[in-house]
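*Asks:* Protein chains in written order, with my numbering: chain A, 1 to 291; chain B, 1 to 291.
By construction, these hints were calculated from the structure, which means they are not laboratory data. Careful: at least some of the hints might be erroneous.
Any copy will do: because identical chains look the same in the list, a pair fits if it lies in one copy or spans two.
In silico lysine to aspartate or glutamate, DMTMM-like type, Cα no more than 20 Å apart, as pairs [claimed, not checked]: (1) LYS218 <-> GLU114; (2) LYS218 <-> ASP112; (3) LYS218 <-> GLU76.
Here the structure is a predicted model, which means the values were calculated and not measured.
There are 2 protein chains.
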Amino acid sequence: MGWRDGYIAVDWGTTNRRAYAVDRQGAVGREIRDGHGIMNVPAGGFEEAVAELRRQLGDQPMLLAGMIGSNRGWMEAPYVPCPADADAIAENILWIEPGRLGIVPGVSLAADREADVMRGEEVQAIGALRWLPPDTLICHPGTHSKWIVMRAGRIDHFRTLMTGELFALLKAHSILAPQLRDVPAPDASFDAGVAAGLAGEAPQAALFGVRARHLLGKGDANGASFASGLLIGADIRAGLSLGGNGPIGLVGRSDLRALYAAGLARAGRETIEIAGADAFLAGIGLLTERL
Amino acid sequence: MGWRDGYIAVDWGTTNRRAYAVDRQGAVGREIRDGHGIMNVPAGGFEEAVAELRRQLGDQPMLLAGMIGSNRGWMEAPYVPCPADADAIAENILWIEPGRLGIVPGVSLAADREADVMRGEEVQAIGALRWLPPDTLICHPGTHSKWIVMRAGRIDHFRTLMTGELFALLKAHSILAPQLRDVPAPDASFDAGVAAGLAGEAPQAALFGVRARHLLGKGDANGASFASGLLIGADIRAGLSLGGNGPIGLVGRSDLRALYAAGLARAGRETIEIAGADAFLAGIGLLTERL
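The following block holds chain A by itself, in its conformation from the complex:
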């Protein structure tokens, strides 16, 4: 049974896992979303985890992408250097069972001090081109947001920002935590934060205002919105500096897309939104066509 007869695509992250059974028409049948990210699989447990997925989704060939191929995952799949396209990524799949079970490599950028890596977003980036022109700037928000410059359908270069992780650290551990309890929303506080971030203000300079305004009885309606807006505004400013003036391909989770779309609108930029799962499935589809 080859890839044309259907396959299983797994987006295997640090904390979460999504597995899709794809049929011979390319349609998704059963789908599993669970918390069996690489950190939640016991040492030596990946073989059994894959067998279990096959029992549930069908005994088919399987591609795994994301942190599963990192040095903290199952086996380390060496990075493919930029510029990278679907051909280069498919050629460098790390085969665990030849032609039956492979790990998609990440993509790296290595130039002087500019060094960067991605694992998982490369599949979504090539897949997103189904809905985007071959020369596009893609924004992929997340714990580590990625801004990816696509040129002629290839991942030309990219940049990672610790935007989501910083927000999570502030929310969980900082002196601002009591003011960051709400869920950020694209409201007026968010807009004020975005404006400050887009203006080039280092977030650390405006963040303390969340606490100071609270202490002075002038608190934000939603402090989390302001802080999120500030970090996202700074993220967008850095991302847009990678160039281009067309619509931004905004790929990822719907809640984060809503925030980034609001921020990008504030920056005067159009967006084409693509659900992360759709981009992922399209990307894995492109890879299987090459197998």
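Here the structure of chain A is known, so what remains is to put chain B in place on it, guided by the hints.
*Replies:* For chain B alone, coordinates are given in the frame of chain A:
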């Protein structure tokens, strides 16, 4: 016994406390440095803590400054609004025992969205003027660094940055933690970080490079130095935007002064360094002259 006969000055912070017995010549006699910051004093325990200080340092009048006057301290001493000088601060001391035991108020800034507060640094700022011209930009590095614009000897306005706290969060809880184990030093990695921060790069954009370079075998000699330099460079950029072109009064702990002095030199600025304890004692001295 009045203030002219000697007094006790206490810099009472969140986690640490420093108490100094000052004699009638203004010289410091015994000094206590301990971990009895406000978070480490049991509820209702401040009266006894003060009595204990008097047993050790002498039964003298006493001024307490810092977070002891916050809503998490002993009693809340309302902020004095900017612009504020030694007169305004002395007039607004919160007396617990009239004329014998007082809490120095913090200083606030409240203008539109610009809101800020300080507690403790105001004493060091007015005290630092013993060594600085009356119109000076003061940099006070710390968990929450403060840049303070002094005009005609008054605290005119100021800005707080969460620089030290962000670094601590990254070191303790982030994905970069394994690369941030060393103590930051003003080395080549630090200098590269400062250059990126001064250039206006949002720290979240360059921070991930610490991890990416490590994964690609091009790691910084000292990742902590790079990350610290990046945050301090961004801090200095924001601080210098408050204006002025004279030497910067650099007030605080010697280890942080060394890092900021290196960063400010990179930005082409001269510094006049003043130990935080010296500035604090000079500031308390100015207040007692008004009592």
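*Asks:* Please sort LYS218 with GLU114 into within, between, both or neither, judging by C-alpha distance up to 20 Å.
*Replies:* For LYS218 and GLU114, the Cα distance is within 20 Å only across copies (10 Å; inside one copy 41 Å).
*Asks:* Should LYS218 paired with GLU76 be assigned to within, between, both, or neither, using CA atoms and 20 Å as the limit?
*Replies:* between (51 Å within a copy, 18 Å between copies)
*Asks:* How would you classify LYS218 and ASP112 at a CA-CA limit of 20 Å: within, between, both, or neither?
*Replies:* Answer is between; shortest inter-copy Cα gap is 9 Å, intra-copy 46 Å.
Checked against the numbered hints listed earlier, the structure breaks none of them; every hint is satisfied.
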